[in-house]
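There are 2 protein chains.
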Amino acid sequence: MTQDPLVIFTPSGKRGRFPAGTPVLTAARQLGVDLDSVCGGRGICSKCQVQPSYGEFAKHGLTVHDDALSEWNKVEQRYDEKRGLKPGRRLGCQATIQRDVVIDVPPESQVHKQVVRKRAEARDITLNPTVRLHYIEVAEPDMHDPTGDLERVKAALAAQWEIPEVEADLAILGQLQTALRKGGWKITVALHHDAGPRPSIMHLWPGLYEGAIYGLAVDLGSTTIAAHLCDLRTGAVVASSGLMNPQIRFGEDLMSRVSYAMMNETGADEMTAAVREGMNTLFGQIAGEAGIERGLIMDAVFVCNPVMHHLFLGIDPYELGQAPFALATSDALRLMARDLELELHPAARAYLLPCIAGHVGADAAAVALSEAPDKSEDLVLIVDVGTNAEIQLGDKTRVLACSSPTGPAFEGAQISAGQRAAPGAIERVEIDPETKEPRFKVIGCELWSTDPEFATATAETGITGICGSGIIEAIAEMRMAGLVDASGLIGSAAQTGTARCIADGRTHAYLLHDGSAEGGPVITVTNPDVRAIQMAKAALYAGARLLMDKRGVDVVDRVVLAGAFGAHISPKHAMVLGMIPDAPLNKVTSAGNAAGTGARIALLNKAARGEIEATVRQIEKIETAIEPRFQEHFVNASALPNAAEPFPHLAQVVRLPDVSFNTGQTEDGGRRRRRRR
Amino acid sequence: MTQDPLVIFTPSGKRGRFPAGTPVLTAARQLGVDLDSVCGGRGICSKCQVQPSYGEFAKHGLTVHDDALSEWNKVEQRYDEKRGLKPGRRLGCQATIQRDVVIDVPPESQVHKQVVRKRAEARDITLNPTVRLHYIEVAEPDMHDPTGDLERVKAALAAQWEIPEVEADLAILGQLQTALRKGGWKITVALHHDAGPRPSIMHLWPGLYEGAIYGLAVDLGSTTIAAHLCDLRTGAVVASSGLMNPQIRFGEDLMSRVSYAMMNETGADEMTAAVREGMNTLFGQIAGEAGIERGLIMDAVFVCNPVMHHLFLGIDPYELGQAPFALATSDALRLMARDLELELHPAARAYLLPCIAGHVGADAAAVALSEAPDKSEDLVLIVDVGTNAEIQLGDKTRVLACSSPTGPAFEGAQISAGQRAAPGAIERVEIDPETKEPRFKVIGCELWSTDPEFATATAETGITGICGSGIIEAIAEMRMAGLVDASGLIGSAAQTGTARCIADGRTHAYLLHDGSAEGGPVITVTNPDVRAIQMAKAALYAGARLLMDKRGVDVVDRVVLAGAFGAHISPKHAMVLGMIPDAPLNKVTSAGNAAGTGARIALLNKAARGEIEATVRQIEKIETAIEPRFQEHFVNASALPNAAEPFPHLAQVVRLPDVSFNTGQTEDGGRRRRRRR
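Same order as they appear, the protein sequences are chains A and B. The letter at position 566 of the first sequence is residue 566 when you use the UniProt record's numbering, and the numbering goes up by one with no holes. The letter at position 6 of the second sequence is residue 6 when you use the UniProt record's numbering, and the numbering goes up by one with no holes.
Hints are not guaranteed to be accurate.
Said to hold, decoys possible - Computed from the model, here is a short list of chain B residues facing chain A with C-beta under 8 Å:
id, residue
1, Pro141
2, Asp142
3, Asp149
4, Leu150
5, Leu170
6, Ile248
7, Gly314
8, Ser330
9, Leu335
10, Ile626
11, Gln631
12, Val635
Since the hints were made in silico from the structure, they are not lab data. Glycine residues also receive a C-beta, built at the ideal position from the N, C-alpha and C atoms.
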């Protein structure tokens, strides 16, 4: 008795013996090899293309002969004539196994494709879409065995796709009979596989549908709403777009929005309407950019902080404004997009990631999904800086999270010359330690301010103020140049030896740029600016340090800065200020918009949803407001970089001048600090 | 070692031993005894009242002593003072077992109460409601273990009611935080237990809700919509109401509505809007009658024929107008009532029974649920007469069903003096076999027309026409009196010897009533009237006979007439016409509105839904249109009572005169019949 032919699939390495004449697709399915198919093996969708390899395979102890697969049949010939098959390719549903063979499944034929992420350290996303297309051939009605058209569609899905139960709503029922007859009892069904306990029919196309379907990954921030439009077949981002959150007119920061809801009877509803309207504007915009029908957007994932979460869902955020900061719901939500008044495909779904705690929202969960501290071998501190900083510390054994109220200083608010990061804003600063003279860069121009071309290059934008990353660098450079002491006091011209240190009431300010000659602003860093940044960074550091206490460590292996702000902070300057714990500088990296990336992962990978839901339940939540040591850490962290903690890695790179400008006369910095807490 | 006390519950007979001190409710739950509770054993809802029995129980070999249960505790005393406990009653959650005891669970303390049906032969309905109230005490939020309020509600339902998973929609999320705080973390939750794979939270009340909740059983007919409003706690019908189907303006019968949809682009949508609007009118009306808020109506069950089913759901009935009569869906449907635009509780559910086939709808399924042919020991034929007759034949071994196109003659349409059953319509007829003189009754008057008081009693309504049951009796009486022959020809005055047989074109008519002296109509039974009834009854009989062929029988054990029309037909007269197969007259009964009763069963008993869904799948569907023998049976059944079948039971009761009025001149009856088929 001769053995059945052996089939080895690459890259999976899955192998098995099948009777001669077995189609490659059938073998792949039986072995669980990831080989795509929309038409279910009828030779019309071409998704199951494979590449047989011929010759000697010493590794497998196998010789593959030229006749290992069946010859081209008519279906393949017709397909090749009409659409063209790449050289060497076969249709997996048509080619049958004749002798031992090695078959490669190219990436585009895999359902679970790898979506490559740009950052080197990031893991790729495995495509595992929630919405899939299934071509079916449906039995015609039979008077002797009368069943509904829907019941025969269900039977076809069960028989041809092994999907035993599906849901269909009234809209689908209303379209079903026409679609079936128009398609000659052949239709393509879009199924949502994460809509509930059973897959749900979202759409019907007569015949084989070969077009694209799309999904949205949305990062709903207090200030901006940003969205990526993804092709759900490939995982590719086809357009990205953003919009100011229209809720800004009700309050710049979260707490002012919560109070707007408290003070105005319809306040919460107005803000809900505003954010949903903003979403729809954004979705129209992004669909226009990509040149697609927005009705082809069938899934959407949202990440946001708890207040935005509640307002987006239409829940009054009242309870989030006061202890114990109770969320209406913390679990992930699977909703109909239309219940959120979103104008997408009529059956489009919305998925909201779980919230971690009353101050640590679905955006933090998305960061956890993207940066995966729970899978990290080394101990990683992840900091997402915004009005609140969400902080996570952990490794694969244990993850902790907290939120810390940094306030809006890092976003340029509460800073005398502060502004949002926009063209004309100073974003990089250097101060010569000898001359105490600064040079800087503004957003929209690559030149330093000392460059002869700088004035011309910035003529249009002007030099309008200083953004968050700019103020961080300015103060850190001032500390390194000996213009500000460890307690945060700016020295006088006499103390520092530079006329740029000018009197400013009872304290001093450092003149960064005088644009008055050109009719522009005078940009200084004032002592209250330094105080504001001290408060903000002390809150951030104290939160991180608290998690380190809880974890029982004094150092972390690496630091990840998440968020748009994190992407623009210089690690060295952040460490000079003591914003983040001491670590080797090359171990401080930026993850960019990790929350948005997390949303994209949850959009493209159904399994990732379940994973992050389980992970979030495991994360230990620390509430800084009720932790006694938070106050102690905060006070220590008010100093630049810190009154209590050593920064040995920083010391290897930077020597901070041991200056002190406290003359005993100007004590208001210390008093203010005490009053504020 | 002494044994634990023995507890015997009646009427269930369930028994078990429990440690002294076990609350009665706990023991009942562990034994699976049906003892109600809304508050979950906190002594506030009083639903778990039980009646201990004392003394000798020879049957159980048990003596119950006075101290078998604990003494009254404070909770019981307080409850008795405030609300009063019936003598001998105890609260099952407070009274604890001390010694052997026999405990009766009175009907009002059972969840699964029996709802008594009026007819002697009908089985009672077991209450097993889809919507149940659950009082819970919810953990307060804890900053150290931050979870959402919803998640703690879910945990409470799991811990206090053993309901592991529930769904909640956005509306519930929006109300949750306020309700919890208003109720001091105690709320009553209404759960729908038949909404999908998981129970769904429909409503939240702060604290303990002790009010009623309601459901609707709706029989959506082509002509009328009838609804029963039921108290879901007791199963009682608290109001019943009906309304003309507003779709009548688009066509009297189903096929004219299907053609309206075919001929007018928005026709189907208009009819959908009309029937939904009619429903809402009816629901307002019925809630008004019962004096309840319609927002307390939380569940609704609908039964209807396939065309009404599709139009109600918003599905174009086009396919139902032509072979193969394909339904868009045949399975039972569980929907949100709001998706059908019904103005009930915002989270109210709608349940539609399954359809049996393209012509045999959810109304027939409801009849099957009510009359349960699949549970019958003897062979029962169930006939629901309307524009289509739905016919079921079977017993517990096998059930068959078909529909037969009787047309609207039984409803008084196509009859010269025909009218709907309304006051003034002749509904009963007797003809003296000697004098050939008639007497009759009209709807709204109990007197025969020969009564001296009759004219006065009917002065207000008048004598306006003849309804469906009236025409049946009239023609049957004419047949018995020798005025019409077996072929359906009415004799002339000369042939019959009565001047009431008057010439009417080429045929004759029988003068039933001449109201012209009082300005009223002349009411005759014409030969075309007889022909119309012949066609209708032949279709009905042929359908029944076809099922008997399929089942391989020539006789049935009993006949059930369902529907409003069936309730008014005299079995004897129906059998004289040969509408139904021959059977002992006392074996022909009326089930009243069996479809409506089926709807009520499905409303009150969740398990009945699953049962009828399974039953419908088992029913063998026969399509009369493609059965060759149907035509043969139809032709035979055109005769009065039948040209081929013997009617031995009928012959024992009635002797039909052997007359023939065919003179060879008037053959149009025969020709017409051939043309028609």
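Quick rundown of the hints versus the structure:
1. Checking B/Pro141 against chain A by beta carbon gives a least distance of about 4 Å; that is within 8 Å, so the hint holds.
2. Annotation: interface hint on B/Asp142 holds; nearest CB of chain A at approximately 7 Å, less than 8 Å.
3. Using the Cβ-Cβ criterion of 8 Å, the hint placing B/Asp149 at the interface with chain A is satisfied: the shortest such distance is roughly 5 Å.
4. For the restraint placing B/Leu150 at the interface with chain A, the shortest Cβ-Cβ distance is roughly 4 Å, inside the 8 Å limit, so the hint holds.
5. Hint status for B/Leu170 relative to chain A: holds, with the closest Cβ pair at about 6 Å, below 8 Å.
6. Checking B/Ile248 against chain A by beta carbon gives a least distance of about 23 Å; that is not within 8 Å, so the hint is violated.
7. Taking 8 Å as the C-beta contact cut-off toward chain A, the hint placing B/Gly314 at the interface holds, the least distance being around 6 Å.
8. A cut of 8 Å between beta carbons decides the hint on B/Ser330: the least distance to chain A is about 4 Å, and the hint holds.
9. Checking B/Leu335 against chain A: minimum C-beta separation of about 7 Å stays under 8 Å; hint holds.
10. Proximity of B/Ile626 to chain A holds as hinted, the smallest CB-CB distance being about 6 Å (cut-off 8 Å).
11. For B/Gln631, the interface hint is violated, since its Cβ never comes within 8 Å of a Cβ in chain A; the closest pair sits about 16 Å apart.
12. Among the interface hints, the one on B/Val635 is violated; its C-beta lies about 22 Å from the nearest C-beta in chain A, farther than the 8 Å criterion.
Checked against the numbered hints above, the structure breaks hints 6, 11, 12 and satisfies the rest.
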